[in-house]
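Undergrad: Chain residues, written in single-letter form:
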Amino acid sequence: MSLPLQLRKISDTIWELPVTYKDGMLVPARIIASDSLIGGMEAGVFDQAANVACLPGILNYSYCMPDGHWGYGFPIGGVAAFDPATGVISPGGIGFDINCGMRLCLTTLTEEEVRPRIRELVDQLFFAIPTGVGCTGFVRCSRSKFRRVIENGSRWCLENGLALPEDLEMTEEGGCFEGADADACSEKAIERGYDQIGTLGSGNHYCEIQVARSENIFDEATARAFGITIPNQVVIMFHCGSRGFGHQVASDYLQSFLKVMTTKYGIKLHDRELACAPFRSPEGQAYFAAMKCAANMGFANRQVILHRIREVFSRVFSRSPEDLGMRVVYDVAHNTAKLEKHLIDGEQREVLVHRKGATRSFGPGMPGLPDCYRETGQPVIIGGSMETGSYLLAGMASAAPTFYTTAHGSGRTMSRHQAKKMVQGRKLLDDMEHRGIHVRTASYGGLAEEAGLAYKDIDVVALATEEAGLSRRVVKLVPIGNIKG
Amino acid sequence: MPFRFLEEIATADVAFKAWGNSQEELFISCAAALMRTMAEAPDQVVRRQEISIRLEHEELDLLLFSFLQELIFFKDARRLLLHADKVVIEEHDGIFILNAIVSGEQIDGGKHHLLIDVKAVTLHRFQVLYKGNVWKAVVVLDV
Chain H
1 MSLPLQLRKI
11 SDTIWELPVT
21 YKDGMLVPAR
31 IIASDSLIGG
41 MEAGVFDQAA
51 NVACLPGILN
61 YSYCMPDGHW
71 GYGFPIGGVA
81 AFDPATGVIS
91 PGGIGFDINC
101 GMRLCLTTLT
111 EEEVRPRIRE
121 LVDQLFFAIP
131 TGVGCTGFVR
141 CSRSKFRRVI
151 ENGSRWCLEN
161 GLALPEDLEM
171 TEEGGCFEGA
181 DADACSEKAI
191 ERGYDQIGTL
201 GSGNHYCEIQ
211 VARSENIFDE
221 ATARAFGITI
231 PNQVVIMFHC
241 GSRGFGHQVA
251 SDYLQSFLKV
261 MTTKYGIKLH
271 DRELACAPFR
281 SPEGQAYFAA
291 MKCAANMGFA
301 NRQVILHRIR
311 EVFSRVFSRS
321 PEDLGMRVVY
331 DVAHNTAKLE
341 KHLIDGEQRE
351 VLVHRKGATR
361 SFGPGMPGLP
371 DCYRETGQPV
381 IIGGSMETGS
391 YLLAGMASAA
401 PTFYTTAHGS
411 GRTMSRHQAK
421 KMVQGRKLLD
431 DMEHRGIHVR
441 TASYGGLAEE
451 AGLAYKDIDV
461 VALATEEAGL
471 SRRVVKLVPI
481 GNIKG
Chain P
486 MPFRFLEEIA
496 TADVAFKAWG
506 NSQEELFISC
516 AAALMRTMAE
526 APDQVVRRQE
536 ISIRLEHEEL
546 DLLLFSFLQE
556 LIFFKDARRL
566 LLHADKVVIE
576 EHDGIFILNA
586 IVSGEQIDGG
596 KHHLLIDVKA
606 VTLHRFQVLY
616 KGNVWKAVVV
626 LDV
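Those sequence lines, one after another, are chains H and P. Counting in the working numbering, the first sequence runs from 1 upward without gaps. Counting in the working numbering, the second sequence runs from 486 upward without gaps.
Treat the hints as calculated values from the structure; they're not laboratory data. Note that the structure is a prediction, hence the values are computed from the model and not measured. Careful: at least some of the hints might be erroneous.
[Said to hold, decoys possible] Residues from chain H that keep clear of chain P, each with C-beta distances beyond 10 Å, as calculated:
hint, residue
1, L5
2, I10
3, T86
4, L258
5, R349
6, R416
7, H417
8, A442
[To be verified] Where chain H lies over chain P, by a calculated footprint (3+ residues, C-beta under 8 Å):
hint, region
9, 503-515
10, 518-529
11, 570-577
12, 592-600
Backbone N, C-alpha and C fix where the C-beta goes; we use that ideal spot for every residue, glycine too.
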């Protein structure tokens, strides 16, 4: 892969495209990557990071994280902050799956205790958490009740016996984006998603039973603070978002922004997928309020899934979830836009941070973190491919330049069709079984598309985030059971 | 088939090129590609239920965008996989008007060999053009 000629290496992990790279760039674009990762990035990443740098009101730099790859609008891994007074909000900077995110739940079980029951656990999880195309959830919800869900997120789950108070404390924003307004969402969006609470979806969404082995612990003290205290401790990680509701909110506003962007606001862009509106405009504020509803659906969805996971473990081990130590380590989003305070030109200012396939990574002592993580920094969850494992990391003070943001996954390197040509789903399932990973899937084809060979090396990505000072590795978690859509 | 999946323009998502001798045929081809993205056996989707769709847009490409988006909506809201049976596109005073009849049945994993859920149609590289007497489109789906 040849790199753009104008790409300059600023440090071991920072690469910069100057404003002269493309007409209309207002700030330089910075790609955070090690030498080996930058070489593997597609041309589209540089092009898209440069397009983002052209958006009105962008501050400092258009960033791309080490797991960055070619997306639509922003690259996946794209991060940009905007001046709320002069800048824009763009659905293409958040993604269609608003508040797609990761949640990690502890148990006090060990691998030795879980291995003999893994088949039963995975099978029961597969039935308890609907997966795949068009799946619907077990929560019976009317359209009017759903409006309360999307305005209250995990708080609705708490009121309805589907959450514990401490679950909300261990969720970004307490599991609810303030200012969500259901009236900003179309009836279509509500109809599309009201019966999908507690569903996983498909693609790269999964629920995994993982093990924290002693040899994979990088920082014992922080691991302990995050609740990893037993050798070969079993944890549950899952990845999903706001389902059809969030997808429809993004699609609705993409279309409505296209209508006004140029005619009403005079904004011209390189890529229609970056359709945007001034943040303070009526259209921008309506999208922000609707996006918050979708973010709340994402939190509620993951909370209900956790409730189901607790039920399954409790049933299989005939012990209560409390007795099994099923506490949430953290729930963190990787597709959002949020107003946050950051240092801009030496001054603390409120800015609108877009993170698309990028994880918030607050350092120690920052406001908004639960008290128990004040010294460690925020738990960061980076999901790898289902074959290779995932990482629990900690946020760092040195992540300030990227608006306290780090990577979100390993990042694809191979198209879905190519992966399917190279891997047979059924055979992959058998191979993984031999390697001690029991898998249930709604689709063998979908499974093949998610094979480990289609992704960057998660170890390299996690290390790059540490070298760049974005997040530090605490423990690598390896899978022993997986359900996917 | 009047469509082909593209490898080179969407690493994490699904891209396809579709074609037809008319605008209507192109729209039908794109609907077929969308269904093939979600189900390996579209021919197993029986036409049990029929739905009429009416849409309009000033731009032909965004009319296609809305049409595909409508089919994605029905996939989640009614759990339906839908064939585009009949599409009529007319232009009046600079507005393209689509009237379509789509039909299909409820999603059945056992029968339809489901592949991957489609979240949305993106505008990334999205294109409709008329070249060499053929209508062509490039579509990237977020999955």
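Undergrad: Need the list of violated hint numbers for this structure, in ascending order.
TA: 4, 6, 7, 8, 9 and 11
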